[in-house]
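S.K.: All chains, please: the whole structure from these sequences, using the hints.
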Amino acid sequence: MKWLVCVLAIALVSFLSGCSSGQLLGLPLDTAGESLNSPYAETEPQFVNGQYLVFISDRNGSQDVFLYDLKARQLIDLPNLNTADSVASHPGISSNGRYIVFASSRQGESDIYLYDREVQTLKNLTATLEADVRYPTISGDGERIAFESNGRGQWDIVVCDRMGKPLALSSE
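In numbering that gives the first Met the number 0, the protein residues as written are 0 to 171.
For the record, the hints were derived by calculation from the structure and aren't laboratory data. Everything numeric in this text was worked out from a predicted model, so none of it was measured. Heads up, the beta-carbon is just placed ideally off N, CA and C, and yes, glycines get one too. Hints are not guaranteed to be accurate.
[Claimed, not checked] Ranges between beta-carbon positions, derived for each pair: (1) D160 / A40: 29 to 39 Å; (2) L166 / A40: 33 to 43 Å; (3) G139 / K164: 17 to 27 Å; (4) K122 / A71: 23 to 33 Å; (5) T42 / G139: 20 to 30 Å.
[Said to hold, decoys possible] Each computed EDC-like pair below joins lysine to aspartate or glutamate, with the alpha-carbon atoms no more than 16 Å apart: (6) K122 / D110; (7) K164 / E129; (8) K122 / D160; (9) K122 / E142; (10) K164 / E147.
M.R.: Here is the structure:
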């Protein structure tokens, strides 16, 4: 019995040690920061359609949004997305990979941003909203964005279109 417990303990330690090596799915640690795993923190992964993985990493010195193509096994450049004065969190991506939504704190204000990969533009969806916002998500077709807002004193769910216009949602 002691022998079985010892073997199971060794197997568990071996398994857990293998998980921390950055070699899951055959994706090695890249010390240059040009791949999925880097010497820095990679957090909040969101997976879509078997091809794209959007996540947050501090490999550039601040929490930025990154996109990894799992089929090509490479990072995708996101021009005009990340800025040095922001802290990004909670990324999401549309099914076709065109739109990326995320929360960001810039100069003490929290906002929800939408990045369009096709035209490489970044839009602040909540610039006129006087509230804290968090936890954005995007519909598969990229037409609607939902997030939490505390504009009425408690956390509520807001749904808007890609231009940031709130959608009228009724139970009728």
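S.K.: Out of the numbered hints, which ones does the structure contradict?
M.R.: none
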